[in-house]
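Colleague: Sequence:
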Amino acid sequence: MSSVERTAPAPALASALSKTAAAIETLLDALLRNELEAGEIHRPARLLAAMRHGALGGGKRLRPFLVVETAGLFGVPAEQALRAGAAVELAHCYSLVHDDLPAMDDDDTRRGRPTVHKAYDEATAILAGDGLLTLAFDVIADARTHPDGETRAAIVLLFSRALGLGGMVGGQMLDLAAEGRFGGDGTAEKLGQAEIRRMQAMKTGALLAGSVLIGARLGQADPERMAALERYGKALGAAFQVADDILDIEASAEQMGKATAKDDAKGKATLVTALGLDAAKHERDRLSDEAIAALAGFGPEAAMLRAAAQFSAQRQS
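According to this note's numbering, the sequence shown is numbered sequentially starting from 1442.
No lab work stands behind these hints: they were computed from the structure.
From the three backbone atoms N, C-alpha and C, an ideal C-beta is built for every residue, glycine too.
It is possible that part of the hints are untrue.
Label pairs and their in silico Cβ distance ranges [to be verified]:
(1) D1726 to G1498: 27 to 35 angstroms
(2) T1550 to A1737: 38 to 46 angstroms
(3) G1633 to E1563: 22 to 30 angstroms
(4) P1452 to A1737: 35 to 43 angstroms
(5) M1667 to D1571: 38 to 46 angstroms
(6) M1667 to P1741: 34 to 42 angstroms
(7) A1486 to K1460: 41 to 49 angstroms
Once the Cα atoms are required to be at most 30 angstroms apart in a straight line, the calculated BS3-like pairs of lysine-lysine come out as [to be verified]:
(8) K1501 to K1559
(9) K1631 to K1722
(10) K1501 to K1460
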């Protein structure tokens, strides 16, 4: 497969990411205003402000981009794709708010500004995360996201499994256990490659892959295309996480908008620690190529998804 086939030009990807991010920001702003939805009683001002702090004003919005681009392969109306993308981003932001808490990763900055528990307090941050996650399902369940109830139910199922016990939340638990949180002496647990890959596929990869599958489900993709897009999403998610582990070592806090070099300090299990830096970079690039290869059955309309796989490996922040 040639490099022309594999990726869209970087400026085109940057423009597409920026356009989707702006549309998602506008929609999130609308969803997080004080106006009540049917059945709501009151939106507490402090909680709403904390949710807005956690969701607005930053981030690459890669997950909603994957939803929108995948849905576009099947002619899904833009409004529906953006609503589903916003739901995914709300859930992602919930995970960041909770990950930053002192009981989890204990981070003070996120996207170059104070984390929610620093800007407000821990109790408010917990509730803000709860509110963002619940709102994500509210958006998916709304008929404005898709008129067909069975399609919405299928998306809720995909979403739940990407986020829950066997997905992101379970992966976070495995990550904490690997730090030695529950072993008595606090010593980090030595994980093998297979265990690290499983943990990362759950903690990070599940929602990235789920974003692709949600876009495909919106478009009622046939089983063959769903399977190809699932392969793409899983490889992209794995490449993204390896790249993140590499950036934690090589990038500055200014580049990342958060503290770096924390994984090594905590003894976190990553493929960088398991393979070494050079081999981890090779694996990152191999996974990116694997994601691109999974799209062989799609034409030029999938150029941005191919570019997103390369971006996930080559990003600098």
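Colleague: Next, verify each hint and record whether it holds.
Modeller: Evaluation of the provided hints:
1. D1726 to G1498: 27 to 35 angstroms: Given range 27 to 35 angstroms: holds, Cβ gap about 32 angstroms.
2. T1550 to A1737: 38 to 46 angstroms: Holds, at about 41 angstroms.
3. G1633 to E1563: 22 to 30 angstroms: violated (35 angstroms)
4. P1452 to A1737: 35 to 43 angstroms: 25 angstroms Cβ-Cβ, so the 35 to 43 angstroms window is violated.
5. M1667 to D1571: 38 to 46 angstroms: violated (31 angstroms)
6. M1667 to P1741: 34 to 42 angstroms: Roughly 21 angstroms apart at Cβ, these two residues miss the hinted range, so it is violated.
7. A1486 to K1460: 41 to 49 angstroms: violated (32 angstroms)
8. K1501 to K1559: Given pair K1501, K1559 holds - Cα atoms ~22 angstroms apart, limit 30 angstroms.
9. K1631 to K1722: holds (21 angstroms)
10. K1501 to K1460: holds (11 angstroms)
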